[in-house]
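Those sequence lines, one after another, are chains A and B.
Reading the first sequence from the start, the letters are residues 3 to 429 in the numbering used here.
Reading the second sequence from the start, the letters are residues 516 to 753 in the numbering used here.
A few of these clues could be false.
Claimed, not checked - Far from chain A by the CB rule (all over 12 Å, computed), these chain B residues: (1) Asn537; (2) Gln624; (3) Gly670; (4) Gln673; (5) Glu680; (6) Gly687; (7) Arg695; (8) Tyr697; (9) Asn698; (10) Glu730; (11) Phe731; (12) Asp738; (13) Arg751.
What the hints assert, rightly or not - Derived coverage of chain A by chain B (criterion: at least 3 residues anywhere in the stretch with Cβ under 8 Å from a Cβ of chain B; other residues may be distant): (14) 112–122; (15) 282–293; (16) 345–357.
It should be emphasised that the hints constitute simulated quantities derived from the structure, not laboratory data.
The C-beta atom is built at its ideal place from N, Cα and C for all residues, glycine as well.
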Amino acid sequence: MIYVSTWLGKIIQLSMSWLKSGGQALPGLIIERFQPSYLAKMLHKLPEGVVVITGTNGKTTTSKMIVELLTAEGKKVLSNPTGSNLTRGIVSGLLAHASWSSKLDYDIAVLELDEAFAIKFIARVKPEWVVALNVSRDQLDRFGEVDKVARLVGTTMKAASRGVITNANDPHLSTIGQAIADNQIKVSYFGVSPALRQYFPNDKELVSVDDPLASQPTKTKIPSALVELTNFQHQNVTYKINNQTYSTNLKLNGQHNYQNAAAALALVIELLPATDPAVHVDNLAKVSVAFGRGESFKLPDGTNLQLVLVKNPASFRQALASYLFDNPAIMIAINDNYADSRDVSWLWDVDFSTLSNTHVSLTSGSRAADMALRLSYDDIKVNVVENDLNKALNKLAEMRGDKIIFATYTAMLQYYAILNKRAGVNP
Amino acid sequence: MKQLHILHLYPNEMNTYGDRGNLLTLKRRAEWHGFQPIIHYYHVGGELPERVDIVLGGGGQDSAQGDIQTDILRIGDQLRTLAEDGTVMLMVCGCYQLFGKRFVTVDKQDIKGIGIFDIETFGGEKRLIGNIKIKTDGFGALFGFENHSGRTYLGQGQLELGSVERGNGNNGEDKTEGARTYNVFGTYMHGPVLPNNPVLADNLIKLAAEKRYGEFTAGKLDDSLAVLARRGAYRRSY
Numbered sequence: 003m004i005y006v007s008t009w010l011g012k013i014i015q016l017s018m019s020w021l022k023s024g025g026q027a028l029p030g031l032i033i034e035r036f037q038p039s040y041l042a043k044m045l046h047k048l049p050e051g052v053v054v055i056t057g058t059n060g061k062t063t064t065s066k067m068i069v070e071l072l073t074a075e076g077k078k079v080l081s082n083p084t085g086s087n088l089t090r091g092i093v094s095g096l097l098a099h100a101s102w103s104s105k106l107d108y109d110i111a112v113l114e115l116d117e118a119f120a121i122k123f124i125a126r127v128k129p130e131w132v133v134a135l136n137v138s139r140d141q142l143d144r145f146g147e148v149d150k151v152a153r154l155v156g157t158t159m160k161a162a163s164r165g166v167i168t169n170a171n172d173p174h175l176s177t178i179g180q181a182i183a184d185n186q187i188k189v190s191y192f193g194v195s196p197a198l199r200q201y202f203p204n205d206k207e208l209v210s211v212d213d214p215l216a217s218q219p220t221k222t223k224i225p226s227a228l229v230e231l232t233n234f235q236h237q238n239v240t241y242k243i244n245n246q247t248y249s250t251n252l253k254l255n256g257q258h259n260y261q262n263a264a265a266a267l268a269l270v271i272e273l274l275p276a277t278d279p280a281v282h283v284d285n286l287a288k289v290s291v292a293f294g295r296g297e298s299f300k301l302p303d304g305t306n307l308q309l310v311l312v313k314n315p316a317s318f319r320q321a322l323a324s325y326l327f328d329n330p331a332i333m334i335a336i337n338d339n340y341a342d343s344r345d346v347s348w349l350w351d352v353d354f355s356t357l358s359n360t361h362v363s364l365t366s367g368s369r370a371a372d373m374a375l376r377l378s379y380d381d382i383k384v385n386v387v388e389n390d391l392n393k394a395l396n397k398l399a400e401m402r403g404d405k406i407i408f409a410t411y412t413a414m415l416q417y418y419a420i421l422n423k424r425a426g427v428n429p
Numbered sequence: 516m517k518q519l520h521i522l523h524l525y526p527n528e529m530n531t532y533g534d535r536g537n538l539l540t541l542k543r544r545a546e547w548h549g550f551q552p553i554i555h556y557y558h559v560g561g562e563l564p565e566r567v568d569i570v571l572g573g574g575g576q577d578s579a580q581g582d583i584q585t586d587i588l589r590i591g592d593q594l595r596t597l598a599e600d601g602t603v604m605l606m607v608c609g610c611y612q613l614f615g616k617r618f619v620t621v622d623k624q625d626i627k628g629i630g631i632f633d634i635e636t637f638g639g640e641k642r643l644i645g646n647i648k649i650k651t652d653g654f655g656a657l658f659g660f661e662n663h664s665g666r667t668y669l670g671q672g673q674l675e676l677g678s679v680e681r682g683n684g685n686n687g688e689d690k691t692e693g694a695r696t697y698n699v700f701g702t703y704m705h706g707p708v709l710p711n712n713p714v715l716a717d718n719l720i721k722l723a724a725e726k727r728y729g730e731f732t733a734g735k736l737d738d739s740l741a742v743l744a745r746r747g748a749y750r751r752s753y
């Protein structure tokens, strides 16, 4: 049966490429209907199994790091391209990579799955490893509330058969980790040192008021981490792994990515226990940012434009803390499509104090006015409010000096497409 | 300078959907109208401040509602006295429900509220989520975003805040949204509701100022961005 599915799927893919027809997910969709167990059967063939990466923020960049760290050590890694985190997308990927005899010439699969979709996935495929990064208020119009997101991620973590990597500093996740460890599944943690905690607030800390009388959120015991971020100075980072320290200069930027890198290191150390962690840290230095996550473009006039995805209060706060050192001209693009969050209330949970000594050149997107309104309450001036993404980009491009765009998901995709055509991606 | 004392209830638990934006809006607009806003936070087990002009409460996780419920019953009499005395209050979502008579969860758990509003809320399986527009007497059209599993029904004689033009409102059936008793306003509208509806925000400040000082003179405020955002809200899909 599995051979028939592979043949059928590959023939559909071939005929579609002859017809120059798009719709890459279509072959996957058809095979999903034809043989629902195809996904599980194919992935089951991988000798080192399946790794699922989930959580609110950092999935794409962390997956990219893991793939590159494993590849550098000679592993053949199957991964899902960004945005295709539906089973049909993964099946289409499998079809493209499988031989006609249904062989998959890979050692391991590393799959980035959003919190809701991961539940559907684990119902079909039991992963060997799960990396759960963090849980934070995000797209509440879709998920309802943060507790529900935590339950979803917890369910995925519990599906791991060999081990779980999770965040020591996220009380939602470390509590679940404790329960899993009691069940004889290995749980390893990544974290940040106590001195750095202030830079990485968890969901509760993100919105709690600074008031000595406040009932402090219940203190969850912070488990000791296999990999701990102990220092960062620009892109120079230091990790403590088994009481040894390792420093390196990263190509990646953004403090959240230094934390995500700790997660990637922890997983790779568990997967390749015989390799010296120093090797992985060296390999980490070569990893570049994922698309639209702090990526730099060179504009025709020689200036740089950085494109940064912002999705929720946590990611926006991290982005503001990470990318504003060289006083670039700032544009904020907020859309309210389903993939962005239709409810923009979350903008009021973002701490914009890092912008208090500067101004924002433009706001754009369907919620450009809402963004400018939000900033006005912090006395941050916005020069131009322009709903049209293209027009706004043209205005930004005319400005002098380097630029940065903070954009929600669909706005980021549109800007990425334009910039990728128009400008050169910086190495 | 004339002070306005603003009390935020349970800021660490009832703050899920940008509710801080309502506090920020009242604080800044009070300043712009020439007052000195003094912010107080009330936490579980704490005490209400001696002087209060405006009380704010937000929405929370369903799980937080249980912890808060026990505590709010403890201060229920004090809040009721303030309300009967004409103190201005705005309760959004979770706090709106707790200001009602009772909340019956999906698994038939009966949670008592402080009963300032004559409303009853019943947990539903499907959350009511989406943009919402209502029509009010006194504040014009109000825009927001709702996200609640509770269905709220008004008792006989209980005033609504407004009537639903787009979206669900209290229960998705009777076209009512929110409630008003004395100067206490309840609503399901996030967005947050105040920055998107400056007329409502200014009326809360005006009511509070008139009660405290017997008069209110509006400052000159530039609301052009709110006007622009509201123009977008008129065109939005619901």
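Cross-check of the supplied hints:
1. Against the 12 Å criterion, Asn537(B) falls within the reach of chain A, whose nearest CB is about 8 Å from its own CB.
2. The Cβ of Gln624(B) sits about 17 Å from the closest Cβ of chain A, beyond the 12 Å cut-off, so the non-interface label holds.
3. Here Gly670(B) stays apart from chain A, with its beta-carbon at least about 28 Å from theirs, past the 12 Å limit.
4. A cut-off of 12 Å between C-beta atoms confirms that Gln673(B) is not in contact with chain A; the least separation is 26 Å.
5. Glu680(B), annotated as away from the interface, keeps every beta carbon of chain A farther than 12 Å; the closest lies near 18 Å.
6. Here Gly687(B) stays apart from chain A, with its beta-carbon at least about 16 Å from theirs, past the 12 Å limit.
7. Every beta carbon of chain A lies more than 12 Å from that of Arg695(B), the smallest distance being close to 22 Å; the non-interface claim holds.
8. The non-interface label for Tyr697(B) is consistent with chain A: the shortest C-beta to C-beta separation is roughly 27 Å, beyond 12 Å.
9. At roughly 24 Å from the closest C-beta of chain A, the C-beta of Asn698(B) stays outside 12 Å, upholding its exclusion from the interface.
10. No beta-carbon of chain A comes within 12 Å of the beta-carbon of Glu730(B); the shortest separation is about 26 Å.
11. Even its closest Cβ contact with chain A, about 21 Å, leaves Phe731(B) beyond 12 Å, as expected for a residue assigned away from the interface.
12. At roughly 9 Å, the least C-beta separation between Asp738(B) and chain A is not larger than 12 Å, which violates its mark as non-interface.
13. In this structure Arg751(B) is not separated from chain A by more than 12 Å, as the shortest Cβ-Cβ distance comes to only about 8 Å.
14. Counting residues of the segment 112–122 of chain A whose beta carbon lies closer than 8 Å to any beta carbon of chain B gives 0, which falls short of the minimum of three for the stated coverage.
15. With a threshold of 8 Å between beta carbons, the proposed coverage of the segment 282–293 of chain A by chain B is violated, since 0 of its residues qualify and at least three are required.
16. With 7 residues having a Cβ less than 8 Å from any Cβ of chain B, the segment 345–357 of chain A passes the three-residue criterion, so the hint holds.
In this structure, the hints that do not hold are numbers 1, 12, 13, 14 and 15, in rising order.
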